[in-house]
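S.K.: Sequence:
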Amino acid sequence: MVLGVVINYMASPKGSAFWLFVGVALVTVAIVLDALAYRNKASQSKKVPTKGIVLSVVGGVLMALFYRFVASSMVSDFEQPEAGFLTPYSAVFIFSAGILISNFIFNSILMKKPFEGSPVTYSTILTVV
Numbered sequence: 018m019v020l021g022v023v024i025n026y027m028a029s030p031k032g033s034a035f036w037l038f039v040g041v042a043l044v045t046v047a048i049v050l051d052a053l054a055y056r057n058k059a060s061q062s063k064k065v066p067t068k069g070i071v072l073s074v075v076g077g078v079l080m081a082l083f084y085r086f087v088a089s090s091m092v093s094d095f096e097q098p099e100a101g102f103l104t105p106y107s108a109v110f111i112f113s114a115g116i117l118i119s120n121f122i123f124n125s126i127l128m129k130k131p132f133e134g135s136p137v138t139y140s141t142i143l144t145v146v
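Just so we're aligned, residue 18 is where the sequence shown starts under the numbering used here, counting upward by one.
Everything labelled a hint here was simulated from the structure, so no lab data went into it.
Owing to the predicted nature of the structure, the values given are computational and were not obtained by experimental measurement.
Just so you know, even glycine gets a beta-carbon here, dropped at the ideal spot from N, CA and C.
Any given hint could turn out to be false.
[As the list claims (entries may be wrong)] So the derived label-pair ranges between C-beta atoms look like this:
hint, residue 1, residue 2, range
1, Phe-86, Asn-120, 34 to 44 Å
2, Thr-104, Gly-32, 16 to 26 Å
3, Tyr-55, Met-27, 24 to 34 Å
4, Ser-135, Gly-32, 46 to 56 Å
5, Val-44, Phe-121, 44 to 54 Å
6, Ala-28, Val-109, 39 to 49 Å
7, Pro-66, Phe-95, 28 to 38 Å
8, Met-18, Tyr-106, 21 to 31 Å
9, Met-128, Val-39, 38 to 48 Å
10, Gly-134, Gly-101, 37 to 47 Å
Kindly generate the complete structure, drawing on both the sequences and the hints.
M.R.: Dropping the structure here:
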């Protein structure tokens, strides 16, 4: 989130930088406190969470970068939309449709080859239900 705010503010500096970065500072404090709490919990376990940390960082960077692409594809004037650009409603629709479609693909792959644990099988699903 912090990286996303910085990238988007550098691309189009709108609004009060002071309040925006006060909010970013508060989010950063929350992240640090969360990391400290997790470190206390993880110290009870002997397992090193390297894979989880790497996945979190990669996911965070990808999430920070995606909004810049969405914002650049949207119209700048909502009353007189330019041809070839998305309105807020069409952007939300396309984004939601992309999430729906990609979840079938990514969930299927990650159930067959999970990052941790054994693969999910049909019999596993039936025993849970």
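S.K.: Next, verify each hint and record whether it holds.
M.R.: Going down the list of hints, with the structure as the test:
no.: 1; hint: Phe-86 <-> Asn-120: 34 to 44 Å; verdict: violated, 19 Å
no.: 2; hint: Thr-104 <-> Gly-32: 16 to 26 Å; verdict: holds, 21 Å
no.: 3; hint: Tyr-55 <-> Met-27: 24 to 34 Å; verdict: holds, 30 Å
no.: 4; hint: Ser-135 <-> Gly-32: 46 to 56 Å; verdict: holds, 48 Å
no.: 5; hint: Val-44 <-> Phe-121: 44 to 54 Å; verdict: violated, 32 Å
no.: 6; hint: Ala-28 <-> Val-109: 39 to 49 Å; verdict: violated, 20 Å
no.: 7; hint: Pro-66 <-> Phe-95: 28 to 38 Å; verdict: violated, 44 Å
no.: 8; hint: Met-18 <-> Tyr-106: 21 to 31 Å; verdict: holds, 25 Å
no.: 9; hint: Met-128 <-> Val-39: 38 to 48 Å; verdict: holds, 42 Å
no.: 10; hint: Gly-134 <-> Gly-101: 37 to 47 Å; verdict: holds, 45 Å
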